[in-house]
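Chemist: Position chain B against the provided structure of chain A, taking the given hints into account.
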Amino acid sequence: MSKAAAATADNVPAPSTARPKTLARRLGETLVPPIVLGCAILIVWYMISYLVLNSTNRFLLSPPHEVWLRGFADWNNFSEILIALWSSARVAAIGLSIAICISMLLATIMSQSKLIEIAIFPYMVALQAIPLLAIVPLISFWFGFGQTSRVVVCVLISLFPMLVNTLFGLHSASRGAHDLFTLHRASRLTRLRKLMLPAALPAIFAGLRISAGLSVIGAIVGDFFFGRGDVGIGQRLREYANELEGEQLLAAVIMSSGLGIAVFLFFTWLSKASIGHWYETRSARDD
Amino acid sequence: MAPAHPALIFDHIGMTYANGTQAISDVSFQVSPGEFVSVVGPSGCGKSTLLRIASGLIRHSFGSVTVEEDKIGYVFQDATLLDWRTVEQNVQLPAELHGIARPEREKLAQDAINLVGLSGFEKHYPKSLSGGMKMRTSLARTLTLKPSLFLFDEPFGAVDEITREHLNEETQRLFNQERFAGLFITHSIGEAVFMSTRVLVMSARPGRIVASFDIPFEYPRNPDLRFDPAFAELCAEVSAALRSAY
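Those protein sequences? They're chains A and B, same order as listed.
For the first sequence, this note's numbering gives the first residue as 1, with consecutive numbering after it.
For the second sequence, this note's numbering gives the first residue as 1001, with consecutive numbering after it.
One chain only, chain A, in its complex shape (with noise of 0.2 Å):
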C-alpha cells in the first residue's frame, strides 16, 4: 500500500453545505423581509391611528410620522430620551458584568463537585422563581431607592440563565475527551482551562445572549422602582405616559427595544468572532 494512496484516498475535507451566495443576495435575503413586515407594520399603525381613533383619542396611538417628529426629529426630546437611555443602559452593563463573573465563578466551583452543585443549585431555582416584585422592598431596605438598586435587580434578572448555561457548558466535554485528559494525567486546573472552559464556550455566548437581553430588561423596570439618581428610560417612560405624551413615549420605547436588539446583535457577534471559526451549530452539520 503507498501512503500517498492511502493519503488522497480519505483526505477529502467534509463538504460545506452552504451554497457560495453573492453580498447582493445575501443582504437581500437579510434586510428584504425585516423591510418589508415594517413597512407592514407601518401602515397598520397609520390605519389605527387614522381610521380606528379619533382626533381626540389619537395620543394612544399618534401616527408615526407625528412619533419622528416629536420623539426623534426635535433633539430637545430626543437628547432626553438618549441620555436617560445612557443611563440604563450602564446600569444594564454594571448588572450584567456583576452576573456574569458571579454565574462564572459559581459554575466553575459547581463543575468541580456534584456535592456542591446539588447543594447551590435549589437555592438558584428559588432566587430565580421570586418575583420582582415581593423583593422589591427588600432591595431598597438593603440598598435604598437609587442607582445600586437597579443594578441589583439587572443582577437577579440575568445570574440564572447565565449559570445554567455555564454550568451545563461546563459538563459538555465528552467522555472521551476526559479519558484523554486522565489518561495523560492532567491536573483538575488543567483539565478545566484546557477542556472544560472551551468546551463550554458555546453555551456561555448562548447564555450572555439571554442574559444580556434581560439585564436590559431588569434596567428599564429598576427604573420604575428605584427612582433617584441618574434619570434612566424606564423613569423617562413613566412621565410620558403621566403626561399623555404619546410620541415621546413610543419615540422611547422604540430606543429601549433598539437597545435591546443592539445588545442582542453585539453578543451575537462577539460569539461568532470568538468561536465562530470552530463552532457550529449541530443543525448545520453534515456528518
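Just so you know, not all the hints are guaranteed correct.
To be verified - Here are the simulated BS3-like cross-link-like pairs (lysine-lysine), alpha carbons at most 27 Å apart as the crow flies:
(1) K1127/B with K21/A
(2) K1146/B with K272/A
(3) K194/A with K272/A
(4) K114/A with K194/A
(5) K1146/B with K194/A
Stated by the list, open to error - Covered stretches of chain A, going by a simulated chain B footprint (3 or more residues, C-beta under 8 Å):
(6) 168-181
(7) 247-253
Think of the hints as simulated: they come from the structure by calculation, not from any bench.
Idealized CB from N, CA, C, for every residue including glycine.
Modeler: Showing chain B alone in chain A's frame:
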C-alpha cells in the same frame, strides 16, 4: 513466537461493575512488543473494558494486570478531537499535557502528522475534516509521544468501508515501521485478520477468551491479501469461533 518481555499481561482478570454486571471473567493473555493482537467478540462482551483496565481508566475486580510500558497510546472509538483546536494543536495536546517545550512538541506533532499523511491540513479545524481525516488526526495525536503500547478501542467503526480499509493499511504500515505492542478491539473479523499477528475471540458476557488464532502473513501486508484464499479461510475459522461464542 512472543518475545521475552511482554508489554501487557492480563492474568486471570475479572471485572464486575457496581451494579452487579459481570463484564469479563478470568481473562488471561499477554501482548509483547512487535505483536499486534486483535480481540473480536459479541457486543457487550467486555472488549472495551479490557482496554480501559489496561490503560488504568478503570480498576479491575479480580486478577492482576501488568503494564510494562510507561507510554501508552489510546485510540478512542470516536476521534475525540477538541473542536477549538486545529489539527496540529490537537496532535500536540499529549505533549502539551506532559509539559514538553513548544519547539519540541511542534516537531513531534509535525512528524506524527506527516506519518499519517495529513500534511497540509495542520491549520484545519475538526469541523472541516472528513471522518477518515478526524481518525487520522486522532491516530497522529496518539503517535506524538511515541508510545510503545498502543490500545485501539474499535477506532474505525464509524467510517465508511473504503476509508476503513485505508486506515487499516495505514495502521499496519505504522505497526510494521514502529513495531510497538498493539491491542486492537474490533467487530470486524477481516480487519482483525488483516492487521494482526494474533486474533483472540471473546465469548458473550461475561467475556472470556474462547479461541486464539496466530496469523501467519508477513508484514507489510498488501491490500490484495484480503482476496487470498488463505486469508478467507482464516476469516472463516475466526467467524466460526465467534458464532460459537454467542
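Chemist: With reference to the structure, classify each hint as holding or not holding.
Modeler: Hints and how they fare:
The hinted pair formed by K1127/B and K21/A meets the criterion: a straight-line CA distance of about 21 Å does not exceed 27 Å. About 37 Å separates the Cα atoms of K1146/B and K272/A, which puts this hinted pair outside 27 Å; it is violated. The suggested pairing of K194/A with K272/A holds, with an alpha-carbon distance near 20 Å, which does not exceed 27 Å. Taking the CA atoms of K114/A and K194/A, the gap is near 20 Å; set against the 27 Å cutoff, the hint holds.
Of the supplied pair hints, the one linking K1146/B and K194/A holds, its CA atoms being roughly 22 Å apart against a limit of 27 Å. Evaluation of the coverage hint for the stretch 168-181 of chain A: fulfilled, as 6 residues show C-beta separations to chain B shorter than 8 Å, against a requirement of three. Under the rule that three or more residues need a Cβ within less than 8 Å of chain B, the assignment of the stretch 247-253 of chain A is violated, with 0 such residues.
When each numbered hint is compared with the structure, violations occur for hints 2 and 7.
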